[in-house]
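Peer 1: With the hints as extra help, turn the sequences into a complete structure.
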Amino acid sequence: GAVVSQHPSWVICKSGTSVKIECRSLDFQATTMFWYRQFPKQSLMLMATSNEGSKATYEQGVEKDKFLINHASLTLSTLTVTSAHPEDSSFYICSANSRRGSMNTEAFFGQGTRLTVV
Amino acid sequence: AQTVTQSQPEMSVQEAETVTLSCTYDTSENNYYLFWYKQPPSRQMILVIRQEAYKQQNATENRFSVNFQKAAKSFSLKISDSQLGDTAMYFCAFYGGATNKLIFGTGTLLAVQP
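Sequence lines, in order, name chains A and B. For the first sequence, the positions run 70 to 187 when the working numbering is used. For the second sequence, the positions run 4 to 117 when the working numbering is used.
Rather than coming from a laboratory, the hints here were simulated on the basis of the structure. Everything numeric in this text was worked out from a predicted model, so none of it was measured. Be a bit skeptical, because a hint or two may be false.
Unchecked claim - The calculated lysine to any residue pairs, modelled on SDA-like cross-linking and capped at a C-alpha distance of 20 angstroms, are:
#, chain 1, residue 1, chain 2, residue 2
1, A, Lys124, A, Gln98
2, B, Lys104, A, Thr144
3, B, Lys104, A, Glu128
4, B, Lys76, B, Gly100
5, A, Lys110, B, Met14
6, A, Lys83, A, Thr185
7, B, Lys58, B, Tyr36
8, B, Lys76, B, Ser25
9, A, Lys110, B, Gly88
10, B, Lys73, B, Ala62
11, A, Lys110, B, Pro44
12, B, Lys104, A, Thr101
As the list claims (entries may be wrong) - Pairwise CB distance ranges (calculated):
#, chain 1, residue 1, chain 2, residue 2, range
13, B, Asn34, A, Gly122, 26 to 32 angstroms
14, B, Ile49, A, Leu143, 21 to 27 angstroms
15, A, Leu95, B, Phe67, 23 to 29 angstroms
Glycine included, each C-beta is placed from N, C-alpha and C at the ideal position.
Peer 2: Encoded structure:
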């Protein structure tokens with residue numbers, strides 16, 4: 070299957086600083102990428118849909134100025150958590166949909182990023 | 004709006020036994036896709052099996068099979084010959100309609116006991 074690489078796997082940052090998380094599709098072009106947040110023992114909560122070359126679509130309740138998403142190419146989307154606070158500490162996961170045939174309906178996930186804000 | 008319900012927060016099964024995880028969904032769409040994802044302790048999401056709604060035949064992948072009942076909007080996952088490595092959180096997911104999003108259930112934490 071297709072590979073999605075997410076970096077970093079974990080990051081610790083100080084309160085008030087910004088953190089950038091990268092999501093790359095390694096062997097396919099992804100017109101659409103998704104960013105999720107997951108709390109312990111809970112399901113994935115969709116934060117936003119990232120579309121190549123256009124603005125991201127945010128889910129209700131997600132602050133677009135706090136969670137900046139950029140999808141500058143067909144293989145890279147970034148999520149920047151700005152002015153991070155301890156309550157932003159969570160596990161963030163990206164996924165990408167391939168353009169190829171039936172794989173349009175299959176999402177491939179990155180390995181996730183554990184963010185801890187101290 | 005589409006919803007996905009997993010009514011079993013936790014389940015346990017003995018090694019080599021068979022276990023079935025339940026999933027129901029609600030949609031007005033006729034064409035859609037259903038998935039089971041596994042999330043082991045590493046937290047990497049792994050696709051276990053997928054089912055196209057237009058296919059009547061239940062999907063099978065080695066020890067994993069589904070019971071897809073379209074009229075009842077039910078999509079259960081059967082794991083045969085359970086192995087210790089099957090211990091994970093399992094998420095049922097729906098994809099369809101114009102939203103272009105995966106809708107996840109709340110998950111079932113499966114523990115395989117030696």
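Peer 1: Failing hints, ascending?
Peer 2: none
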